[in-house]
Amino acid sequence: MSDVLAFAEQRAGQIGSAAREAVSTAARLAGQLGGSAHVITLGGPGLFESAGALGEVGAASIAVGEHEALVEYNPEGYAQVIADHVRAGDFAAVILPATTVGKDVAPRVAAMLDVPLASDVTSIDVDDGVLSITKPVYSGKAFAHLSVDAVPAMVTIRPNIFPVEQHAAGGAVSTFTPDIDPSAWRIRVIERKAAADGALDVSEATTIVSGGRGMKDPENWGLLESLRDALGPGVALGASRAVVDAGWRPHGEQVGQTGKTVAPKLYFAVGISGAIQHLAGMRTSQTIVAINRDADAPIFGVADYGIVGDLFEILPRLAEEVAALKAAD
Amino acid sequence: MNVTVCVKRVPDTETRVRIDGTGIETTGVKFIVSPYDEFAVEAALRTKEAAGDGAVSLLSLGDASTAESLRAGLAMGADSALLLTADVGLDGLATAKALANELQGSDDALILFGVKAADDDQQQVGPMVATLLNRPCVTGVASFEVQGDMAVCHREVEGGVEVIEVDLPAVLTITKGEYEPRYASLKGIMAAKRKPLEEKEATSVPERLRVDRLSEPPARAAGRIVGEGPDAVPELLRLLREEANAL
Ligand SMILES: Cc1cc2nc3c(=O)[nH]c(=O)nc-3n(C[C@H](O)[C@H](O)[C@H](O)COP(=O)(O)OP(=O)(O)OC[C@H]3O[C@@H](n4cnc5c(N)ncnc54)[C@H](O)[C@@H]3O)c2cc1C
Ligand SMILES: Nc1ncnc2c1ncn2[C@@H]1O[C@H](COP(=O)(O)O)[C@@H](O)[C@H]1O
Chain A
12 MSDVLAFAEQ
22 RAGQIGSAAR
32 EAVSTAARLA
42 GQLGGSAHVI
52 TLGGPGLFES
62 AGALGEVGAA
72 SIAVGEHEAL
82 VEYNPEGYAQ
92 VIADHVRAGD
102 FAAVILPATT
112 VGKDVAPRVA
122 AMLDVPLASD
132 VTSIDVDDGV
142 LSITKPVYSG
152 KAFAHLSVDA
162 VPAMVTIRPN
172 IFPVEQHAAG
182 GAVSTFTPDI
192 DPSAWRIRVI
202 ERKAAADGAL
212 DVSEATTIVS
222 GGRGMKDPEN
232 WGLLESLRDA
242 LGPGVALGAS
252 RAVVDAGWRP
262 HGEQVGQTGK
272 TVAPKLYFAV
282 GISGAIQHLA
292 GMRTSQTIVA
302 INRDADAPIF
312 GVADYGIVGD
322 LFEILPRLAE
332 EVAALKAAD
Chain C
37 MNVTVCVKRV
47 PDTETRVRID
57 GTGIETTGVK
67 FIVSPYDEFA
77 VEAALRTKEA
87 AGDGAVSLLS
97 LGDASTAESL
107 RAGLAMGADS
117 ALLLTADVGL
127 DGLATAKALA
137 NELQGSDDAL
147 ILFGVKAADD
157 DQQQVGPMVA
167 TLLNRPCVTG
177 VASFEVQGDM
187 AVCHREVEGG
197 VEVIEVDLPA
207 VLTITKGEYE
217 PRYASLKGIM
227 AAKRKPLEEK
237 EATSVPERLR
247 VDRLSEPPAR
257 AAGRIVGEGP
267 DAVPELLRLL
277 REEANAL
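Chains as they are written, first to last, in my numbering: chain A, 12 to 340; chain C, 37 to 283.
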């Protein structure tokens, strides 16, 4: 009982970085426990084609559940299939990414298996054969060090924090047809609307350009869009609550206590004061840049790099020079 | 249309956290109803108003001081409240079991939760209770409407919005969306004093996810003001590239 299971979610048949982080984390823990890492992934027919690559990030085996009714996420099907799979195995731990899907399905699976769940953890290790888990609490103002008195230990891990390590390719892929009865489901997804202009979601971006009330007017967002475009792919726009409440930006972009928790490689806070509730959502970002004309703004207390000054002068220059830098690469 | 809302009492989000072993120092700390739970109370009140009949009940697991938070919910307009007294820890499944024990007999069409509690941020108690009660559950609901024997929910997901139908009775966890909580009026505050607020001991459920200790967040390396105004841009980019390896 030293094996570790990871759930790798797919979207549109593709397995994203959060899922690879979960698999790689499972491989690291299994290595420390003296076992191996296994993966379950669920989706439509043909998913096995993209699932094989998970061997390269540490999966010893990859179970691919293929079913027309699992193409899109539905908690009724996913929770049951994952719980059945865990029951049929012998796992010390089960790792899921703390994505929208992972956060939705993990508590259901935990309740079905009657084991506790540590959500959105930022570190997990094996000390003397025992798992030690850390997660932020009080919106990141403290870290709780946890121990689990149940098997398997279930955790969801915060995206963008855990490294993806390359392994010698391997990983036996096997497909199975999940035993599900969609006609009995009490939840039906009747429509999916993509975000306007197909913009990337803050929770998936590796770089976020966030604007606050200092932007003065929603018309000025073009300045942030120029910076986003100059930075290249993988960049999303974020917002403080003040501008979401003002109706300048959609709630989906809000970062913070009552918005999304993000941990990108690079976070720009532009015209954002850095209220504690905003910091709650972004303080585990790897590198934080603040642009604010008030040198005493609390955002400078968490920023790695700051520029004091008028964002309306700084942003155009920044977008221009980033574009020049990228063009030279 | 009867609706139950599960609410948790948490330290105000402005609180300066002082660590005290496995918990925090609570003297001088202001406590509030967890912000998402306030959204859920608002959603429940609007559902009852739209239906034109029914009652909104509040349920909380917590220590004796939690009565104060339930009064706040009653002042917003909820009809009754029940406090299950217990020591609450981080194990969401233990909390869910205590709540589910109480809700087992409930025939309310909707049980609402906040999407997450502002203190432990576990984001799990709602779907756990739903699973224990064998009810369908939609999480992260930004708005919903009851249509006959189902609720039509709008849910934010990465890169878009989902529209979901869920059969009643159901469990929903509420996010900010449209539910800006109303202020309690003076009349509401007076009326709350006469509304039923029952208290009883929770069934005890052992915690299996334990906090061994709390620590300060890892300190971020001291930040640096690179410079003032647009002329600081080249130096910022150099640092992002060469020092932070972020560009
Ligand atoms: C329960 C609760 C939950 C909350 N949840 C969230 C949340 O999820 N996310 C969130 O962000 N907030 C949240 N808040 C709100 C939070 O407390 C702040 O009110 C909010 O973050 C402020 O937004 P802001 O920084 O954009 O605006 P402000 O605080 O008004 O800051 C604007 C900043 O712009 C700077 N500025 C102005 N003009 C310029 C210029 N020309 N050039 C450069 N800089 C300029 C100013 O110096 C100032 O620092 C919450 C609050 C509560 C009570
Ligand atoms: N002790 C509690 N009493 C009542 N409801 C709770 C309690 N703990 C959590 N909840 C509910 O579950 C939601 C999610 O909490 P959590 O899973 O702890 O983030 C909260 O927003 C509340 O609606």
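Mixed in with the good hints there might be a few duds.
Computed list of chain C residues with no C-beta within reach of chain A, every gap over 10 Å [what the hints assert, rightly or not]:
| id | residue |
| --- | --- |
| 1 | PRO71 |
| 2 | TYR219 |
| 3 | MET226 |
| 4 | ALA282 |
Derived EDC-like pairs (lysine to aspartate or glutamate); straight-line CA-CA distance at most 16 Å [stated by the list, open to error]:
| id | chain 1 | residue 1 | chain 2 | residue 2 |
| --- | --- | --- | --- | --- |
| 5 | A | LYS276 | C | GLU278 |
| 6 | A | LYS227 | A | ASP125 |
| 7 | C | LYS133 | A | ASP240 |
| 8 | C | LYS84 | C | GLU61 |
| 9 | A | LYS337 | A | ASP240 |
| 10 | A | LYS204 | C | GLU279 |
| 11 | A | LYS204 | C | GLU278 |
| 12 | A | LYS337 | C | ASP115 |
| 13 | A | LYS276 | C | GLU279 |
Derived by calculation from the structure, the hints in this document are not laboratory data. Quantities reported herein were computed from a predicted structural model and do not represent experimental measurements. Glycine included, each C-beta is placed from N, C-alpha and C at the ideal position.
Hint check results:
Its closest Cβ contact with chain A, about 6 Å, brings C/PRO71 to no more than 10 Å, contrary to its assignment away from the interface. At roughly 15 Å from the closest C-beta of chain A, the C-beta of C/TYR219 stays outside 10 Å, upholding its exclusion from the interface. The beta carbon of C/MET226 is kept farther than 10 Å from every beta carbon of chain A, the shortest such distance being approximately 29 Å. With a least beta-carbon separation of about 4 Å from chain A, C/ALA282 fails to lie farther than 10 Å from that chain, contradicting its non-interface assignment.
Of the supplied pair hints, the one linking A/LYS276 and C/GLU278 holds, its CA atoms being roughly 14 Å apart against a limit of 16 Å. With a CA separation close to 50 Å, the supplied pair A/LYS227 and A/ASP125 exceeds the 16 Å bound. The hinted pair formed by C/LYS133 and A/ASP240 fails the criterion: a straight-line CA distance of about 48 Å is larger than 16 Å. Of the supplied pair hints, the one linking C/LYS84 and C/GLU61 is violated, its CA atoms being roughly 39 Å apart against a limit of 16 Å.
The straight-line distance between the Cα atoms of A/LYS337 and A/ASP240 is roughly 11 Å, inside the 16 Å bound, and the hint therefore holds. Taken as a hint, the A/LYS204 and C/GLU279 pair is broken in the structure, with Cα atoms around 40 Å apart against an allowance of 16 Å. A distance of roughly 40 Å separates the Cα atoms of A/LYS204 and C/GLU278; the hinted pair therefore is violated under the 16 Å criterion. A hinted pair counts as satisfied when its Cα atoms are at most 16 Å apart, and A/LYS337 with C/ASP115 does not qualify at roughly 60 Å.
For the suggested pair A/LYS276 and C/GLU279, the alpha carbons sit about 13 Å apart, so the restraint of at most 16 Å is met.
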